[in-house]
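Q: Listed here are the chains, written in short residue letters.
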Amino acid sequence: MKTATGIIRALNSGVKHLAVKRFTLRYPEEKLEFVGDGYQFDPSTGVGIAGLKGRHMLFHDHCTGCQLCSIACEGVAEAIAMVKVPEEQKQNKKSIMPQIDYGKCVFCGLCVDACPFYALYMTNDYELSSFSKEGLIYTPAQLAVKPYVRQDSSIQITERGATHG
Amino acid sequence: MITTATTDTPTTTTAAAPPAPVAAAAAGSAAPDLPPGLALQKVDERIMTLNVGPQHPGSGHMRIIVQIDGDHIVACDPDPGYVHRGEEKMAEYRNYITNIPHLERPVIHDSCNILYPYVLGVEELLGIETPERAKYVRVIASELNRCIYTMYWLAIYGIFLGHSTMFMWPAGDRELLIDLMEKMTGARVTHAHFVPGGVRNDLPPNFEDVCLRQVNYFEKRIKEYADIFYDNPILISRTRETGVLSRQDAIRLGTTGSVLRASGVDYDVRKKEPYDVYDELDVNTNVMTAGDSYARSRVPWLDMMESCNIIRSALEKMPKSGSVRVKLKPNPKGGNDTVYKRVESGRGALGCYIVSDGKPEPYRVKMSVGSFRNLIALPYLLKGEKLGNMPAVYWSLNYWPVEADR
Numbered sequence: 001m002k003t004a005t006g007i008i009r010a011l012n013s014g015v016k017h018l019a020v021k022r023f024t025l026r027y028p029e030e031k032l033e034f035v036g037d038g039y040q041f042d043p044s045t046g047v048g049i050a051g052l053k054g055r056h057m058l059f060h061d062h063c064t065g066c067q068l069c070s071i072a073c074e075g076v077a078e079a080i081a082m083v084k085v086p087e088e089q090k091q092n093k094k095s096i097m098p099q100i101d102y103g104k105c106v107f108c109g110l111c112v113d114a115c116p117f118y119a120l121y122m123t124n125d126y127e128l129s130s131f132s133k134e135g136l137i138y139t140p141a142q143l144a145v146k147p148y149v150r151q152d153s154s155i156q157i158t159e160r161g162a163t164h165g
Numbered sequence: 001m002i003t004t005a006t007t008d009t010p011t012t013t014t015a016a017a018p019p020a021p022v023a024a025a026a027a028g029s030a031a032p033d034l035p036p037g038l039a040l041q042k043v044d045e046r047i048m049t050l051n052v053g054p055q056h057p058g059s060g061h062m063r064i065i066v067q068i069d070g071d072h073i074v075a076c077d078p079d080p081g082y083v084h085r086g087e088e089k090m091a092e093y094r095n096y097i098t099n100i101p102h103l104e105r106p107v108i109h110d111s112c113n114i115l116y117p118y119v120l121g122v123e124e125l126l127g128i129e130t131p132e133r134a135k136y137v138r139v140i141a142s143e144l145n146r147c148i149y150t151m152y153w154l155a156i157y158g159i160f161l162g163h164s165t166m167f168m169w170p171a172g173d174r175e176l177l178i179d180l181m182e183k184m185t186g187a188r189v190t191h192a193h194f195v196p197g198g199v200r201n202d203l204p205p206n207f208e209d210v211c212l213r214q215v216n217y218f219e220k221r222i223k224e225y226a227d228i229f230y231d232n233p234i235l236i237s238r239t240r241e242t243g244v245l246s247r248q249d250a251i252r253l254g255t256t257g258s259v260l261r262a263s264g265v266d267y268d269v270r271k272k273e274p275y276d277v278y279d280e281l282d283v284n285t286n287v288m289t290a291g292d293s294y295a296r297s298r299v300p301w302l303d304m305m306e307s308c309n310i311i312r313s314a315l316e317k318m319p320k321s322g323s324v325r326v327k328l329k330p331n332p333k334g335g336n337d338t339v340y341k342r343v344e345s346g347r348g349a350l351g352c353y354i355v356s357d358g359k360p361e362p363y364r365v366k367m368s369v370g371s372f373r374n375l376i377a378l379p380y381l382l383k384g385e386k387l388g389n390m391p392a393v394y395w396s397l398n399y400w401p402v403e404a405d406r
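So the protein lines, in turn, are chains A and B. FYI, the working numbering numbers position 108 of the first sequence as 108, with every residue one higher than the one before it. FYI, the working numbering numbers position 362 of the second sequence as 362, with every residue one higher than the one before it.
Treat the hints as calculated values from the structure; they're not laboratory data. Wrong hints could be hidden among the right ones.
Said to hold, decoys possible - Within a straight-line C-alpha distance of at most 25 Å, the following computed BS3-like cross-link-like pairs (lysine-lysine) qualify: (1) A:Lys16 / B:Lys333; (2) A:Lys21 / B:Lys223; (3) B:Lys317 / B:Lys329; (4) A:Lys90 / A:Lys146; (5) B:Lys89 / B:Lys386; (6) A:Lys84 / A:Lys94; (7) A:Lys16 / B:Lys220; (8) B:Lys341 / A:Lys21; (9) B:Lys317 / B:Lys333; (10) A:Lys146 / A:Lys31; (11) A:Lys84 / A:Lys21; (12) A:Lys104 / B:Lys89; (13) B:Lys366 / B:Lys333; (14) B:Lys333 / A:Lys2; (15) A:Lys146 / A:Lys133; (16) A:Lys2 / A:Lys21.
Source: prediction; values computed, not measured.
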């Protein structure tokens, strides 16, 4: 008798879920919403600003070519290489800027913590797939582009359960 | 001819006699020379040796060598080491900050907890005082991570007992907490959130409300698991009375965490040696006395509800503003000192021993992990069980192969 009621309880609990809304997200059509514009760091207070750790964004007018991001990455992923850039900025005498290999990057954000000049941030862009290894290497010019990320769904909790509304 | 032959025979025997001890000595020395793995074993017709793993999904990334007689397990030899990553050696070549992203790799679902003892140890080595708000943020992050890990483990436990609904539900409800961690730390797994001196970033605006709402809903959801899984007579008949670990054996074998608590020992590092702000929060431990697979699978589920309570009270008591991170010098150096710190992770007590010799890099980092200590109990639990009960017993140990190998 106890076995029968136990099985009926289990079945009943499953049947209740016929009325519960779908929780999963139809990914390429719907995309998740994030807080903020990505992980950033304020060197004056030494505290980061919450956000997704996605693709980097490089501000050419702030970067001085000091290589601190590259040094921070040395013990982690060795994803950052300093390369020559054709443009001339007055704060960047050596004309070198970071180039990031996303085949190696682990998205820890320690390079952002290392930058004292507000030049390197992370953005919400997480769709980085490429057909070739070379396509994953982002040059300083590519990193300067602000990505457009569609964000249209976040978790909503209603009477009928949680959904990605 | 015959006489010569008869006279020859003693000579031949005497001639043959000297080589005999040599041959005997050679035969005698051959056996010790062989490495232990190559030594010949007595073959019993009834016993069959079966390798479960390393590719079989039922074993995780390890091999369990099981000797079976019919359907019953006679002996069992767990063989971990297939996912050894050399984390401890790698830590000797990186400084205290760049060690963070790789030290959390062994358990990416529980990455805050595996980093916790390292961060506490480095703080003591460098003499850093952590801000009060950062301690609360850390407690919330580590409790959320414990739930995320336990839900993942519960999904695996369900699917290997043939309960595919129990795979879908925890895997789906885990998303509620992963979403919170993503808002908090910026990554769904491998957060790299804890640093010596606090946490990397402050909580996003309005996080407390979102966290409270989703944690409340999460608790409501996991309570429904009682109907479908924990009070289900099919699960109870499969797991009750299988792999019984008595209280004395649990202590003698040195098991930790939920395995120890399921055997009736009330031991939790959060309660016995409170770290950060756990002494200001109410921590209740869940203890069961049966010590079987059912108790071992139920204790983590009860712990998740306790984690929800801890998160709620931490959100309430947390200072509403203040710094969350102490500014450190680049390449901080520790003195000539050693430190050992312990926390309670999703799998049991997790210790980290750090030796510093005054350089920016640690001299030695040793992780003492709960998974490896719980694995020691496996040969004792499986002896005499049916082979079909092996997944029920093995996964109930809350074992994570990558963490055990480091």
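Q: Each hint: holds or not?
A: Status of each hint after checking the structure:
1. A:Lys16 / B:Lys333: 58 Å, violated
2. A:Lys21 / B:Lys223: 18 Å, holds
3. B:Lys317 / B:Lys329: 31 Å, violated
4. A:Lys90 / A:Lys146: Satisfied, since the Cα-Cα distance of roughly 23 Å is no more than 25 Å.
5. B:Lys89 / B:Lys386: Answer violated: Lys89 (chain B) to Lys386 (chain B) is near 40 Å, above 25 Å.
6. A:Lys84 / A:Lys94: 8 Å, holds
7. A:Lys16 / B:Lys220: This hinted pair holds, its Cα atoms lying about 14 Å apart.
8. B:Lys341 / A:Lys21: 45 Å, violated
9. B:Lys317 / B:Lys333: Cα-Cα ~34 Å, so violated.
10. A:Lys146 / A:Lys31: Holds, at about 18 Å.
11. A:Lys84 / A:Lys21: Outside the cut-off at roughly 54 Å; violated.
12. A:Lys104 / B:Lys89: Distance of about 21 Å is within 25 Å: holds.
13. B:Lys366 / B:Lys333: 18 Å, holds
14. B:Lys333 / A:Lys2: Violated: Lys333 (chain B) and Lys2 (chain A) sit about 64 Å apart, past 25 Å.
15. A:Lys146 / A:Lys133: With a Cα-Cα distance of about 22 Å, the restraint between Lys146 (chain A) and Lys133 (chain A) holds, given a limit of 25 Å.
16. A:Lys2 / A:Lys21: At roughly 31 Å apart (the allowed maximum being 25 Å), Lys21 (chain A) and Lys2 (chain A) break the hint.
When held up to the earlier numbered hints, the structure conflicts with 1, 3, 5, 8, 9, 11, 14 and 16 and fits the remainder.
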